[in-house]
Amino acid sequence: MARIFVIDDQPQVLVISHKLKRAGHDVVHFYNGEEAIANISSHRPDLVLLDVMIPGLSGFEILRHARENPYTTAIPFIFISDRHLESDITKAYELGALDYITKPFNLDFLTLKVRNLFRLLDARRDSGASNP
Amino acid sequence: MHISDALALGLLRAFVVVSLLAISWIAFARARRAWSRRENLRLTWEYQDILAACISDARPAPPGTVRRLQEHPRIAREVISSIAHSLQGADVVTARLIYKQCRFLKDTVSDLRSAMWYRRARGCEELGDLRVAEMVDEIASCLTDPVMEVRLSAARALGSIGSLALLKTILGVLATGGRWGALDTYEILRSFGPAASKPLLQSMETWSAPRVRRMAAELLGLMHSVEAVPVLRASMRDPDLELRTRAARALGRIGDPSAEPELIAGMKDPWWSVRAACAQALGELGSVSSIPDIERGLTDRSWWVRRNSGEALGRLGSPGELSLKRNLGSSDRFARRMSMHVLRELQVRQGIP
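Here the protein sequences come in this chain order: G and E.
First residue of the first sequence: 1, per our numbering; consecutive thereafter.
First residue of the second sequence: 1, per our numbering; consecutive thereafter.
Certain hints may be false.
[To be verified] Over 10 Å on every C-beta distance to chain G, these chain E residues come out as not near it, computed from the model:
id: 1; residue: His85
id: 2; residue: Arg96
id: 3; residue: Ser114
id: 4; residue: Ser258
[To be verified] Quick list of in silico lysine-lysine cross-link-like pairs, DSSO-like style, CA-CA up to 30 Å:
id: 5; chain 1: G; residue 1: Lys91; chain 2: G; residue 2: Lys113
id: 6; chain 1: E; residue 1: Lys198; chain 2: E; residue 2: Lys106
id: 7; chain 1: E; residue 1: Lys325; chain 2: G; residue 2: Lys21
id: 8; chain 1: E; residue 1: Lys268; chain 2: G; residue 2: Lys103
id: 9; chain 1: G; residue 1: Lys113; chain 2: G; residue 2: Lys21
id: 10; chain 1: G; residue 1: Lys103; chain 2: G; residue 2: Lys113
id: 11; chain 1: G; residue 1: Lys21; chain 2: G; residue 2: Lys103
id: 12; chain 1: E; residue 1: Lys268; chain 2: E; residue 2: Lys325
id: 13; chain 1: G; residue 1: Lys103; chain 2: E; residue 2: Lys198
id: 14; chain 1: G; residue 1: Lys103; chain 2: E; residue 2: Lys325
id: 15; chain 1: G; residue 1: Lys91; chain 2: G; residue 2: Lys103
id: 16; chain 1: E; residue 1: Lys168; chain 2: G; residue 2: Lys103
id: 17; chain 1: E; residue 1: Lys168; chain 2: E; residue 2: Lys198
Bear in mind the hints are in silico, worked out from the structure with no lab data behind them.
Since we're looking at a predicted model, the values are computed, not measured.
Don't be surprised by glycine CBs; every beta carbon is placed ideally from N, CA and C.
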């Protein structure tokens, strides 16, 4: 079971949380950027799903903060945003985001994407353990 | 006590009583507003939770939930549509089903005919968020609404539903509507996705309104529509200078090398914005063979053309860099300055102190 942080203040985030919980993940939901940053460094989630525009801090700020901290630098971040501007998407990838999904999005695809990501990470971990 | 004193005392008492009443009324109204805000927020969270559970399980709402949602239809409608707004596929179908179960569709249709413009706009937005395809005609009737916000909401809704048949009508409204911003228009037409490419191309070929053709050129570029390249190339010879500028920009964005001859020819256009757009586009195309033509732009009388030519050379890797270095010794002081400026920027970008 993976721990996923979802940072957004929009109502559809609850649907994401419900779906990921059903898929067996431990989902923690934050409405506020500052609260999220404090919890990312203390709880180190396996994945962060976040919006660009969040009350308190922008999603880019949260990602930058996480990347600067050696303890949280390897956490995968996936943006889910209303903003379709190429400059925003480029910025997200430049800062080290794993993916940038624009709204409206297909929730089933997102769930499968998350599943595949964890499978990949597990497979890497296992192959790393068997080939020291 | 004189009569006048008694009267003054009476008036003072009345004033105090009225003031106290007014203060209490204001305090009561404020408390009521705060309570109602809190209550609305509580209801919104409750409804969000109920609906999130139904939608993520892809199941219709049980009768108890439907009754609960119907108690506060305004909040329930808003929550359902805002959830559906961000989702696609089966989840939207479930949201739409719950909306219909609660019989909100009837209210929304009557909102479209409301005397208040914000209700008409909200109605269009809700139908768009829920992608209610059977309501396309009702939404389309709002495209001719006297209020711009309603027309925009209707166009956005039609974009979300993806009614390609109405794309031409939307473009027609844009041509006559006057005040719609290009970004809004782009956002609306972008929601149609790549399928919008063909009707946009047709509108470029058949519409005579310059405003529509310019917008279509810009949008085709933003959509990176390769099939638009021949039409955009032909537009580079159009008498409308704004269309030539936008076509050049679009050709740069699409990045098809077949547009190179038109863009090189555009470097000699009498209008500076066309030359500047062509220089930028040649850089985006990565066209090394056009270096001599871009170099000529470094001596242009317009700063923007010089700037874009310099940047274009900077994009072309080492051949472009060589050209900039060569221009450091140019007899033209503008070319020398711009080359120096761009080379400095390149060094900063490459981390050279």
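Violations among the numbered hints: 1, 6, 7, 8 and 14
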